[in-house]
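Could you build all of it, start to finish, from the sequences and the hints given here?
Number of protein chains: 2
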Amino acid sequence: MKKFTVTILGSSAAIPTATRNLSAQLVAYGEQYFLIDCGEGTQMILKQLRIKTNKIGHVFISHLHGDHYYGLIGLISTWHLIGRRTAVHVYGPPELQNIIEIQLNASMTTLSYPLVFHHTQSEVPQMIADAGRLTITTLPLKHRIPTTGFLIKEKPLPRSIRRTETDRYGVPFTFMEKLRAGEDFVDEDGALILNNLLTIEPPAPRSYAYCSDTAWYKPLAEWIHGCTMLYHEATFMNDKAQAAEDKMHSTAAQAAQIALMAGAGKLLLGHFSARYDDLSLLQGEAEEFFSPVVIVEDGETYEIGN
Amino acid sequence: MKKFTVTILGSSAAIPTATRNLSAQLVAYGEQYFLIDCGEGTQMILKQLRIKTNKIGHVFISHLHGDHYYGLIGLISTWHLIGRRTAVHVYGPPELQNIIEIQLNASMTTLSYPLVFHHTQSEVPQMIADAGRLTITTLPLKHRIPTTGFLIKEKPLPRSIRRTETDRYGVPFTFMEKLRAGEDFVDEDGALILNNLLTIEPPAPRSYAYCSDTAWYKPLAEWIHGCTMLYHEATFMNDKAQAAEDKMHSTAAQAAQIALMAGAGKLLLGHFSARYDDLSLLQGEAEEFFSPVVIVEDGETYEIGN
Numbered sequence: 006m007k008k009f010t011v012t013i014l015g016s017s018a019a020i021p022t023a024t025r026n027l028s029a030q031l032v033a034y035g036e037q038y039f040l041i042d043c044g045e046g047t048q049m050i051l052k053q054l055r056i057k058t059n060k061i062g063h064v065f066i067s068h069l070h071g072d073h074y075y076g077l078i079g080l081i082s083t084w085h086l087i088g089r090r091t092a093v094h095v096y097g098p099p100e101l102q103n104i105i106e107i108q109l110n111a112s113m114t115t116l117s118y119p120l121v122f123h124h125t126q127s128e129v130p131q132m133i134a135d136a137g138r139l140t141i142t143t144l145p146l147k148h149r150i151p152t153t154g155f156l157i158k159e160k161p162l163p164r165s166i167r168r169t170e171t172d173r174y175g176v177p178f179t180f181m182e183k184l185r186a187g188e189d190f191v192d193e194d195g196a197l198i199l200n201n202l203l204t205i206e207p208p209a210p211r212s213y214a215y216c217s218d219t220a221w222y223k224p225l226a227e228w229i230h231g232c233t234m235l236y237h238e239a240t241f242m243n244d245k246a247q248a249a250e251d252k253m254h255s256t257a258a259q260a261a262q263i264a265l266m267a268g269a270g271k272l273l274l275g276h277f278s279a280r281y282d283d284l285s286l287l288q289g290e291a292e293e294f295f296s297p298v299v300i301v302e303d304g305e306t307y308e309i310g311n
Numbered sequence: 006m007k008k009f010t011v012t013i014l015g016s017s018a019a020i021p022t023a024t025r026n027l028s029a030q031l032v033a034y035g036e037q038y039f040l041i042d043c044g045e046g047t048q049m050i051l052k053q054l055r056i057k058t059n060k061i062g063h064v065f066i067s068h069l070h071g072d073h074y075y076g077l078i079g080l081i082s083t084w085h086l087i088g089r090r091t092a093v094h095v096y097g098p099p100e101l102q103n104i105i106e107i108q109l110n111a112s113m114t115t116l117s118y119p120l121v122f123h124h125t126q127s128e129v130p131q132m133i134a135d136a137g138r139l140t141i142t143t144l145p146l147k148h149r150i151p152t153t154g155f156l157i158k159e160k161p162l163p164r165s166i167r168r169t170e171t172d173r174y175g176v177p178f179t180f181m182e183k184l185r186a187g188e189d190f191v192d193e194d195g196a197l198i199l200n201n202l203l204t205i206e207p208p209a210p211r212s213y214a215y216c217s218d219t220a221w222y223k224p225l226a227e228w229i230h231g232c233t234m235l236y237h238e239a240t241f242m243n244d245k246a247q248a249a250e251d252k253m254h255s256t257a258a259q260a261a262q263i264a265l266m267a268g269a270g271k272l273l274l275g276h277f278s279a280r281y282d283d284l285s286l287l288q289g290e291a292e293e294f295f296s297p298v299v300i301v302e303d304g305e306t307y308e309i310g311n
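Each protein sequence line maps, in turn, to chains V and C.
To convert a position in the first sequence, counted from 1, into this note's numbering, add 5.
To convert a position in the second sequence, counted from 1, into this note's numbering, add 5.
Worth flagging that the hints you see were computed from the coordinates, not collected in a lab.
Where a beta carbon is used, it is the ideal one built from N, C-alpha and C, also for glycine.
Not one of these hints is a red herring.
Label-pair ranges, simulated between beta-carbon atoms:
hint, chain 1, residue 1, chain 2, residue 2, range
1, V, 114, C, 282, 26 to 32 Å
2, C, 244, V, 122, 36 to 42 Å
3, C, 114, V, 59, 29 to 35 Å
4, V, 250, C, 162, 54 to 60 Å
5, C, 279, V, 54, 15 to 21 Å
Printed below as a string of structure tokens:
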């Protein structure tokens with residue numbers, strides 16, 4: 006089973022702090038790397054963590070508040086300076102393309118590699134990328150400007166054949182594909198052999214949902230239902246519930262309520278306001294509703310596992 | 006006499022390294038702060054060095070290669086987020102204004118403070134700012150895209166009155182202004198009293214010249230003649246003289262030759278290619294022509310003194 010992880014590159018809201026960088030995450034699925042958001046300084050963090058950035062083929066930008074994307078132009082430029090050849094696909098709001106292109110034009114840069122923009126919309130969830138064993142789907146969020154989260158999900162694996170059983174029941178080679186897809190088998194005497202006698206249930210598809218920035222938004226729970234791991238912003242605590250509503254951010258408790266309704270496997274909290282020194286208080290508020298809750302740390306890697 | 010210093014925030018060329026950030030410098034003149042260039046991550050460096058960024062009233066951008074300005078939008082945004090009220094003046098190529106404004110528009114941000122753009126041209130030197138006791142003048146440089154350096158210079162100080170001498174010669178109060186400006190005095194008997202009997206020569210005006218990025222460009226030596234301290238890029242050594250010419254950068258030796266012809270007081274070398282581990286070799290090449298030569302270090306402060 007491929008290793009499926011997320012490394013937190015930055016988890017501070019709006020302004021970098023002494024211990025937390027601006028929003029960025031690296032999702033790794035085997036040798037495939039996906040970057041989600043790219044705050045200022047992300048290329049330096051990637052370098053510090055010795056992450057091979059040329060494995061990043063897809064970059065997903067949630068929205069155009071600077072703390073989520075000001076580092077993208079620098080990363081794009083550095084890839085050019087080190088002579089990257091393989092394509093980079095960037096997914097984000099339409100204006101992002103213009104913002105990047107006028108900066109490349111101002112420096113008269115023609116990139117050494119193909120940079121392909123894919124425009125997101127924030128009206129309805131949409132599958133925006135089919136990348137090997139994974140699909141990536143946008144999740145409309147509720148924020149001050151158009152914003153989407155992202156659901157990165159394994160495609161269902163085929164069922165595994167129990168070779169001794171298929172031999173015993175004389176299943177022909179030509180039926181194996183249907184068997185892997187879950188069909189029952191009828192032998193030449195007309196007897197029904199149930200699929201689960203002949204195959205083994207594959208591991209359930211794993212999935213990771215990134216939901217930042219957003220106010221409390223109930224439809225999310227349905228769109229990400231059953232996700233293995235949910236990263237949900239928790240900019241504030243209950244003491245600032247009104248600020249959360251006004252600024253269209255979430256409290257730790259709201260993040261946990263979404264995780265509960267979604268039946269998520271695990272909840273990562275991040276995007277913390279710089280005002281909170283003791284983040285265990287946010288964890289406590291979240292754990293009133295859901296468990297397990299993790300307060301992410303920059304530079305840490307979390308496994309997306311069942 | 007006011008303290009006049011430059012703090013190197015970044016001195017790497019093109020790509021950040023483990024020990025050097027992208028181009029940025031803070032010039033301090035008493036309580037007045039001036040930022041020259043602003044590579045990605047500059048706001049983080051300023052924070053690490055505990056520099057009070059609200060004292061920065063002027064930002065000078067040399068050119069629109071990303072390693073010299075990608076950090077500006079983040080700094081501008083952070084000032085807004087912390088509720089800055091005082092104006093910031095930004096000097097740079099005309100396209101810079103559009104690049105900043107479309108990013109502010111994309112986030113629907115109306116800044117909490119006035120941001121005033123001043124467009125530079127790279128045809129002839131031009132005084133672009135008159136800031137208290139200082140003037141700032143652009144220095145056209147020779148690079149792949151329009152680029153200017155900056156000369157930050159004290160205005161000449163008035164001469165100081167020798168009170169005992171002006172009493173002795175009966176200089177009236179109404180003549181003091183002319184005395185400070187250097188005029189000789191004629192007393193009521195028609196006798197000429199030379200100015201230097203009545204006044205003291207003020208300290209020579211101090212000045213700092215920032216020249217990056219540029220190929221070898223001889224007119225510079227005249228424009229910055231007599232400067233107290235010169236920061237000149239030295240991207241390459243003589244082993245890469247051809248690369249320097251092709252990419253319109255300078256070698257350490259060329260930087261020193263400009264310092265020599267300009268009669269500079271001291272030469273700071275920076276903007277080093279990441280290829281050089283042992284920068285004492287660049288220093289050696291420069292010292293063939295000029296002394297003293299300093300290989301700058303990020304985070305270090307250098308006094309601009311006579």
